[in-house]
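A.B. asks: Next come the chains, spelled out residue by residue.
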Amino acid sequence: MAIEVYTPTARRRVDRLDAIWTERPGLLGWLTTVNHKRIGLLFFFTSLAFFAAGGVEALLIRTQLAGPGLGVVSPSVFNQLFTVHGVTMIFLFVIPMGIGAFGNYLLPLMIGARDLAFPRLNMLSYWFFLASGCFIYAGLLMGDGPDQGWFSYVPLADREFSPGLGVDFYALGLIFNSMSTTATATNLIVTTFKARAPGMSLNRMPLFCYAQLAVSFVLVFALPALTVDLVFLELDRRLGFQFFEPANGGSTLLWQHLFWIFGHPEVYAIILPAMGIATSIIPAFAQRKMIAFPLVALAELLVGFIGFGVWAHHMFAVGMPTVTAIFFAGATLMVVIPSTIQIFAWTTTVAMGTPVFATPLLFIGGFIALFVTGGLSGIMFAAIPFDQAVTDTYFVVAHFHFIIFGAAVFPLLGGMYFWFPKVTGRMYNEPLGKASFWLAFLGTWLTFFPMHIVGLLGMTRRVYTYQPGLGWDAYNLAETIGSYLLAAGLVLIAVNLCLSLVRGPIAGPNPWHAPTLDWATPSPPPEFNFPVIPRVRSAYPMWDADDRLDDRRRLEDGELLFDAGHQMPATTVRDADLDEILKLPTESASPLLVALPVTLVFVMLLTSHYIGAGLCGALALVALAGWHSREPQAA
Amino acid sequence: MLRPESPQEDRISTLFWIMFGGCLVGLGVVAAFLLLGWLRRHRPGLPGGGGDNAGSGIVIVLGVAVPIVVLSALFWYSDLHALNATAAPAAGSGQLQVEVTGHQWFWEVRYPGTEAVTANEIHIPAGVGVELIAKTADVIHSFWVPRLARKIDMIPGHPNRIELYARDPGIYRGRCSEFCGLQHANMQLLVVAESQQQFQRWLADMGAPAAEPAGAHANRGRGLFLENACAGCHTIRGTAATGTLGPDLTHLGSRLTLGAGTLRNTTGDLAAWVLDPHQAKPGNRMPRLSLPKSDFNDLIAYLETLR
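For the record, the sequence lines run as chains A and B. Residues 15 to 649, numbered by our numbering, are exactly what the first sequence covers, in order. Residues 1092 to 1398, numbered by our numbering, are exactly what the second sequence covers, in order.
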């Protein structure tokens, strides 16, 4: 996509940047790319494929439960389906979509950077993600998928009670997967701190980036607990260690504690990208600045922080001491405050602005409704006696689907519509968009709301069937119908976007008059994002018309051009003053060459070829040496 | 849970309705804000406008101050005040103890201090607080009878206690609520609350060994039970069958269900169950028996005598 240019001088400068940044075309280009937008798209489509797989699993689950005593799938298959559904949606869809796709593609654009701080690491992260996802699915496709539930409680997950390879696919797959997530999170943290455009001090950073920063910190600190847990599990299963074996001094509750020390912050990691998207869409469509901007930024960070102190509320039924339970209940109530701050900041901004209820804002409105509903039922779990009654019932299933489907995914869907013009250069179809929203929104309510009621009536989660005459039948049937409606809504979104890709009207750089720098670039953005690095003087740089005119003048004058190779400026952490020039690496096969032997390591571990695993590990080290022997040169 | 039968569940139910009311108010307030935005959508305004600090007061009041007050009240009421309703009873405090052990996939029920053993069915006197000790023989299970009590996990090496109480005589359903493997769905139980008198009679019956089978068929059936795999897993007190993998069958005929709530305990269902336990409950631990038809009928005749 050509940049609108006004003079031959400017044209020459842009052409030069084009020559420097344009990557190899074709398939080889996609295999060796290090560009954050291409990698973002790879994450997008891959996690979307996993979303589709997880959705099919959900429909199978709902079909089996449409009525009492059905035999659509066998109990064994059902247990694999709900386990893989959970693992897929959390690890292979929401997180990689939130940070791998949205964060990857948009964060550098929003902060005026040309790429992430570590472009090759970014690509390595993608390969790890792809391989770990395929690894986990290989188990399911071989009929030996994990079937012990996504939180995989021991002793059920021990070798004695789960002798197949299912748990190993799960444990090794998630260790592998967290390598990818950690790499992306680290990359986003460094980029956010060091690559912001000059003038974008922390108080001017878009709230989307605060959310991404918070997610990344949460993941970097939470995932080690999971990894440790999984390593212990594999040592128990394969080498007869006794971490979780009470007869030999181990503890089954150790697994639960470590898991939820990871697991509850993970819930916030799932929702935070959505909050970031909401804070991007709302000011654009309300056409006013976010109300209480600093409070919202603080709230996003606080959610991530307090989220580490609430994990044991998943365990109120294990028989823990009362004082412990009360502490975690108190912390659980505290984590509500950052969410109420954000909810009222969003809704007040909508109410005090001049909102245009186009599809993206509809999705955010839907998100707020679903988030508040799921949040309110979440508060109920802080009431310990009530939690002890409803934990592990469909009431919980209802609650967390309102949160991690309703609240976490609706903004992703709204975000797909919102940034569709930016990524493709074309507009989506508005009436179809609105129809898809209402279908998905009503489908979500119909699917998940009755689950509260059956939960209160005594339906426990993870049952492959139930008996007639318990008063559950009508609710379950409604849920199943709802799930098909919801699926239809999601398909309609896909249809809309696919058609619009070909037939949509040309969008231009900023069809929404949105305030952040991602809208400063042409649509789609060129590989180097910004011909001149923008200078920023507020949190709403696109509403500072003078500054953007100044960008054009500087393109003319050749100021802040950074065109002596793959370059972008690094700035100071707090004030974003120009610090140094970063030389970014160019396209490379190294990430792929490292990822291949690492994948083999996990395959070898799974099949108990430990020497083979060592050899593949050595091979990965050789590939890593190759990576470092060819540092990027200035063009 | 919504039709409580114990003081404990009364508390939980009240707590729920209070919170439910609060939720409606909270949802209403947020919906009103969104509606206000929708009503004002055609209001002329400056694109990209708005003061930096306008509206912050609303956020501080509704997003910080009000929640702190409301949540503190909830914390006081639920976690400091109502909490003792579900607190574990002190060991040995109840008039009556019942020890329930979770197995894949049935419940073993014992009454400490008596010989009584049964499965998947707990009898208690109505109006009496019973101290329930929750244990597991294998993986984690969770004991839950929605109308009577909170749930309590059954954790290896870590026995838990709750109070089980039923105000009125009746039959209350319960189920395992921690995923425990293939047949988690068919791990149900019944709590039968009855008068003190009926309960004592039942308890005495459960403590007695199995009655001698009357009739040639039943007698032959007992022999078959002891010769075949049955005795390896099941106990019938008063016979040589002392297996512990499956439920105690000494008084099988007195129970209301088979397969932990999978089937009703009728002659037809019992025969179907023994013929192929995997028809109704696929993958459970009980193997299929291949017996000649006459042997099979005698075996069922024997099991029918275990009352």
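Calculated from the structure, these hints are not laboratory results. Glycine included, each C-beta is placed from N, C-alpha and C at the ideal position. A portion of the hints provided could be inaccurate.
[Said to hold, decoys possible] To give an idea of the chain B side of the interface with chain A (calculated C-beta under 8 Å), a few residues:
{"hint": "1", "residue": "Ala1145"}
{"hint": "2", "residue": "Leu1273"}
{"hint": "3", "residue": "Phe1290"}
[To be verified] One side only, chain A facing chain B, incomplete, derived with CB under 8 Å:
{"hint": "4", "residue": "Val87"}
{"hint": "5", "residue": "Pro89"}
{"hint": "6", "residue": "Val91"}
{"hint": "7", "residue": "Leu268"}
{"hint": "8", "residue": "Val370"}
A.B. asks: Holds or violated: Val370 (chain A) as interface residue toward chain B, Cβ cutoff 8 Å?
C.D. replies: For Val370 (chain A), the interface hint holds, since the closest Cβ of chain B sits about 7 Å away, which is under 8 Å.
A.B. asks: Going by Cβ atoms only, is Pro89 (chain A) closer than 8 Å to chain B?
C.D. replies: Hint on Pro89 (chain A): holds, closest Cβ of chain B at ~5 Å, below 8 Å.
A.B. asks: Would you settle whether the hint for Leu268 (chain A) is holds or violated, based on the nearest Cβ-Cβ distance to chain B being less than 8 Å?
C.D. replies: Constraint on Leu268 (chain A) not satisfied, violated at 11 Å.
A.B. asks: When the nearest CB of chain B is found for Val91 (chain A), is that gap smaller than 8 Å?
C.D. replies: For Val91 (chain A), the interface hint is violated, since the closest Cβ of chain B sits about 11 Å away, which is over 8 Å.
A.B. asks: Can you verify the interface hint for Phe1290 (chain B): is its Cβ closer than 8 Å to any Cβ in chain A?
C.D. replies: 24 Å, violated
A.B. asks: Holds or violated: Val87 (chain A) as interface residue toward chain B, Cβ cutoff 8 Å?
C.D. replies: With a minimum Cβ separation of about 11 Å from chain B (threshold 8 Å), the hint on Val87 (chain A) is violated.
A.B. asks: Can you verify the interface hint for Ala1145 (chain B): is its Cβ closer than 8 Å to any Cβ in chain A?
C.D. replies: 7 Å, holds
A.B. asks: Hint validation: Leu1273 (chain B) versus chain A, beta carbon distance must be below 8 Å. Holds or violated?
C.D. replies: 5 Å, holds
The earlier numbered hints that this structure contradicts are 3, 4, 6, 7.
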